[in-house]
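Given the structure of chain A, go ahead and fit chains B, C and D onto it with the hints provided.
Number of protein chains: 4
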Amino acid sequence: MKPFQLASRDACQTDTIITIATPVRQVFIGEGYCTLIAGPCAVENRHDYLNLAHHLKELGADILRGGLFKPRTSPYSFQGLGRSGVDILNQARLETGLPVITEIMDVRDLDFLYPHTDILQVGSRNMQNYTLLEELGRLDKPVMLKRGLSATIEEWLLAAEYLLKGGNKQIILCERGIRTFETYTRNTVDIGAVPVVKQLSHLPVIVDPSHATGKWKMVTPIACAAIAAGADGVMVEVHQDPDRALSDGKQSLTPDNFARMAGKLIQHTLINHKQGASQLLL
Amino acid sequence: MKPFQLASRDACQTDTIITIATPVRQVFIGEGYCTLIAGPCAVENRHDYLNLAHHLKELGADILRGGLFKPRTSPYSFQGLGRSGVDILNQARLETGLPVITEIMDVRDLDFLYPHTDILQVGSRNMQNYTLLEELGRLDKPVMLKRGLSATIEEWLLAAEYLLKGGNKQIILCERGIRTFETYTRNTVDIGAVPVVKQLSHLPVIVDPSHATGKWKMVTPIACAAIAAGADGVMVEVHQDPDRALSDGKQSLTPDNFARMAGKLIQHTLINHKQGASQLLL
Amino acid sequence: MKPFQLASRDACQTDTIITIATPVRQVFIGEGYCTLIAGPCAVENRHDYLNLAHHLKELGADILRGGLFKPRTSPYSFQGLGRSGVDILNQARLETGLPVITEIMDVRDLDFLYPHTDILQVGSRNMQNYTLLEELGRLDKPVMLKRGLSATIEEWLLAAEYLLKGGNKQIILCERGIRTFETYTRNTVDIGAVPVVKQLSHLPVIVDPSHATGKWKMVTPIACAAIAAGADGVMVEVHQDPDRALSDGKQSLTPDNFARMAGKLIQHTLINHKQGASQLLL
Amino acid sequence: MKPFQLASRDACQTDTIITIATPVRQVFIGEGYCTLIAGPCAVENRHDYLNLAHHLKELGADILRGGLFKPRTSPYSFQGLGRSGVDILNQARLETGLPVITEIMDVRDLDFLYPHTDILQVGSRNMQNYTLLEELGRLDKPVMLKRGLSATIEEWLLAAEYLLKGGNKQIILCERGIRTFETYTRNTVDIGAVPVVKQLSHLPVIVDPSHATGKWKMVTPIACAAIAAGADGVMVEVHQDPDRALSDGKQSLTPDNFARMAGKLIQHTLINHKQGASQLLL
Chain A
1 MKPFQLASRD ACQTDTIITI ATPVRQVFIG EGYCTLIAGP CAVENRHDYL NLAHHLKELG
61 ADILRGGLFK PRTSPYSFQG LGRSGVDILN QARLETGLPV ITEIMDVRDL DFLYPHTDIL
121 QVGSRNMQNY TLLEELGRLD KPVMLKRGLS ATIEEWLLAA EYLLKGGNKQ IILCERGIRT
181 FETYTRNTVD IGAVPVVKQL SHLPVIVDPS HATGKWKMVT PIACAAIAAG ADGVMVEVHQ
241 DPDRALSDGK QSLTPDNFAR MAGKLIQHTL INHKQGASQL LL
Chain B
1001 MKPFQLASRD ACQTDTIITI ATPVRQVFIG EGYCTLIAGP CAVENRHDYL NLAHHLKELG
1061 ADILRGGLFK PRTSPYSFQG LGRSGVDILN QARLETGLPV ITEIMDVRDL DFLYPHTDIL
1121 QVGSRNMQNY TLLEELGRLD KPVMLKRGLS ATIEEWLLAA EYLLKGGNKQ IILCERGIRT
1181 FETYTRNTVD IGAVPVVKQL SHLPVIVDPS HATGKWKMVT PIACAAIAAG ADGVMVEVHQ
1241 DPDRALSDGK QSLTPDNFAR MAGKLIQHTL INHKQGASQL LL
Chain C
2001 MKPFQLASRD ACQTDTIITI ATPVRQVFIG EGYCTLIAGP CAVENRHDYL NLAHHLKELG
2061 ADILRGGLFK PRTSPYSFQG LGRSGVDILN QARLETGLPV ITEIMDVRDL DFLYPHTDIL
2121 QVGSRNMQNY TLLEELGRLD KPVMLKRGLS ATIEEWLLAA EYLLKGGNKQ IILCERGIRT
2181 FETYTRNTVD IGAVPVVKQL SHLPVIVDPS HATGKWKMVT PIACAAIAAG ADGVMVEVHQ
2241 DPDRALSDGK QSLTPDNFAR MAGKLIQHTL INHKQGASQL LL
Chain D
3001 MKPFQLASRD ACQTDTIITI ATPVRQVFIG EGYCTLIAGP CAVENRHDYL NLAHHLKELG
3061 ADILRGGLFK PRTSPYSFQG LGRSGVDILN QARLETGLPV ITEIMDVRDL DFLYPHTDIL
3121 QVGSRNMQNY TLLEELGRLD KPVMLKRGLS ATIEEWLLAA EYLLKGGNKQ IILCERGIRT
3181 FETYTRNTVD IGAVPVVKQL SHLPVIVDPS HATGKWKMVT PIACAAIAAG ADGVMVEVHQ
3241 DPDRALSDGK QSLTPDNFAR MAGKLIQHTL INHKQGASQL LL
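Residue numbers (the numbering used here), protein chains in the order written: chain A, 1 to 282; chain B, 1001 to 1282; chain C, 2001 to 2282; chain D, 3001 to 3282.
Chain A extracted, bound-state conformation (with noise of 0.2 angstroms):
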């Protein structure tokens, strides 16, 4: 018996190919597909977020991302609008018709931020938090659950366990770097772990290159490298104006470079999925 069981393809013959419907489209996430999820690190005030939700579903967004309760290393450091942001996640929902994904750091915060948010993201900081994840393993609502920074490919999996346990099926993973000893990037991106994923689970995996390598000239290479990997889709941070940003700026990508890294992803995904599956091709 293999440690994980729910996670494992044995549990499981297809692929999970994740849905999320909003009034205006069905987003795919899952084989076959290469997703696009982008948007600041965080949401930073309302008229900056909303110009670059309609500006990145031009794009070819996918999903949108915005941060409310950013978990930071220093107390001392932007924290995230919290609560009081969630108005503006959903507007920028509203009106371009795209889902959206945040981060929820606490339970407590669950009730509130259910209506407002189409796929919740466990960050890697809480990949172990159990009591999150069992919150959220009730859900009837996809969660994105991102790798620890230092956890194997097998914890990730059972943490993802906890998540399939209670009964929630769309779950989708998140590599995100893992912590080397290398200091040149902030961490390494462990691209072996996509094809590893892909092969002991049907779950989806999607690749983070912006916290992965911290630094914006490199989130292109290796959003091109995760879909070469076989990877679902990738997650980036894109800034309009990456020098002001309050959080992450190094490693985000302007509007034109993410339109150029899109660009460049759907040429590598149709190696893999020559039926053209992507809805990058929409």
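Think of the hints as simulated: they come from the structure by calculation, not from any bench. Incorrect hints may appear among the rest.
Calculated cross-link-like contacts (lysine-lysine; reagent style PhoX-like; alpha-carbon spacing at most 20 angstroms) [unchecked claim]:
id, chain 1, residue 1, chain 2, residue 2
1, D, K3217, D, K3264
2, D, K3215, D, K3264
3, C, K2264, A, K264
4, B, K1057, B, K1264
5, A, K141, A, K169
6, D, K3264, B, K1264
Leaving out everything else, chains B, C and D in the frame of chain A:
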């Protein structure tokens, strides 16, 4: 400016010494003392826990440990007795007069655990669970902050800063091994963290050689090393019948081995603290 | 001043492209090409090596690999044929017209190996064997420098600097996985090293997905990722009967799988290099 | 069967104790002793080295260290005096009567260094330089094998096996810190390796707290920890004027600090070895 402030030596000229008073004794944690925290990984049943608690008291333990909520990598492993076990912990505390420490994983358990424990422990998986840290920072009770599996010393002190910023000054740091490439031991105890923390911070630091090594034969040598390096105490797992433990049996000392270890630790302590301040001598 | 100078982009405005000429063809390594190096981990016997060499030539390999001196963790493992195998390697080279690469471990083998090889490889264990690097730096023959198991990118480029400082400008870097806590794969391929090296240095960089992953099923996805990230080629282990290989069988492709991989790699290359410079097309 | 055989406890029931005889004294390395190896990182000039050597002898050092060939990450750093310095080392050895240890990087230096040194050191970068190990395995002189920066304990013992397989039984292991994600210290001393090696092998093991930490203030606490954990000695860098050292000044003790450390080490040794076997007392 250093990233951490309240945790820094600059913020507090003298070493923080934490006093835990029970009706029958005072226990100190900090410079000059060698505090021994001992007990099983998890409270398993009333009879065994009470027996062991009395035994450990006779053998010189200063504080009793006993997990009620066990964060386990797999959802299929024993998760601890949960709330139903708190009464056992409390009985041991009242009967022996020793303070108790137990781990808190969920902020919603705080009101429940508060009256029955003397120190609340934040486990390594939750070192950056900031919502938990913020709640514990408002407490008037000591908190032991275990180092995260791949947390740098700076990140660990910044997590302590979250606690201190809330007003709680009774913070104990616990080095419990970091994750490296070495697989022979469960983790790699970063013995260098002890003098580094003593140099950078006024907070007491103890070492958990049980989790750090995962092998009971290594517990005594590493405990001795910790004290020789300047640690203010150790936390070790002791079980009356390690082979039958529901969790962590391989790294648990028998009471006899605990007693032998305690005898050595006092000698190593006296080399650094000639004044004989160690409560081992009391 | 950067710690490395001759390896830096500042020292050489244009990308270094290495040309290896045999009597019947030219092979290029560097920007715009996708060079395929293939062969068994070790030369095991004449019959099998020659068979495979011809087969690989037909399937599009550009360079043949074959170890004579195998650095093995245990002194009781197969250590390679040693000097007695050089004649086999040479025969394959003459018959196929393909250049060959083999590892040198001992400076005292240099005069012997020199006439029979086209590229000398420095293995990861010897990346900081400075006496070896100094000798190879005086050579008029390309050297492939594998990244050490726990070498930072800076240390790797500084090792290249030892070679360049001696006057040898024909240096190829090879990322082959770094050591991390993850145990599912043999090593963790640091895909981010590819764009970093391309940004910091003018030297070509290739990736060895066989050693990096240790599992043949992962070789093709990681090779594709490498090319998508901008690598100038890959080095893979191929064996006609992986189950019977004397070393590294688990990570060896069959010739058929090699051919399938090559087909994918050319497509990924063309996305980055529309001009079709890849010698795969020649 | 364990992967290492001759290095294993099974191969040798009693602890290996190495005896180094000079015309005026005997020095022991192994169980029950606490051998102090001290000296500057590199031999810089005759006057300073001789002065320091006499001083260290008075302060209780058992063996003198002094690098002639310095493996440096950058080719532009001071590389040691090379062969021209051997005469200085030899003079110190004759004048003080203390044995000397120096590093060998190149097999071609062996005949030259052999008559002038008592222990040959294999540095961490060369732990898997098997051609060097094979030559040293044929020697009738002690070899100190430093652990590689990212070598597992098993790989380290297998490297010792290469030496033992050649017939050389006088092997000393030296833990000198491993590479981890922690950046505050130069490396992370794996204190757990000490009891593990003592359990698995009959070979003596010492610790180098200078390289392991990179900071002189940490040298004494880590040296004490090493002895408390059961190490058979320490090797430390001492310089008369650390601020002016050509290499590794930041991690060098002054002679005064060395003396204070030595005083503490003997006390920690006596806790484990009541019989007073330590040569510190002689």
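| query | Taken at face value, is the distance from the CA of D/K3264 to the CA of D/K3217 at most 20 angstroms? | reply | holds, 15 angstroms
| query | Under the criterion that the straight-line Cα-Cα distance not exceed 20 angstroms, is the pair D/K3264, B/K1264 satisfied? | reply | The hint holds at about 16 angstroms.
| query | If you draw a straight line from the CA of D/K3215 to the CA of D/K3264, is it 20 angstroms or shorter? | reply | holds, 19 angstroms
| Does the structure keep A/K141 and A/K169 at a Cα separation of 20 angstroms or less? | holds, 9 angstroms
| query | Is the straight-line distance between the alpha-carbon of B/K1057 and that of B/K1264 20 angstroms or less? | reply | Between B/K1057 and B/K1264 the Cα gap is close to 17 angstroms, so the pair holds against 20 angstroms.
| field | 20 angstroms limit on alpha-carbon distance, applied to hinted pair C/K2264 and A/K264 | value | holds, 15 angstroms
Checked against the numbered hints above, the structure violates none of them.
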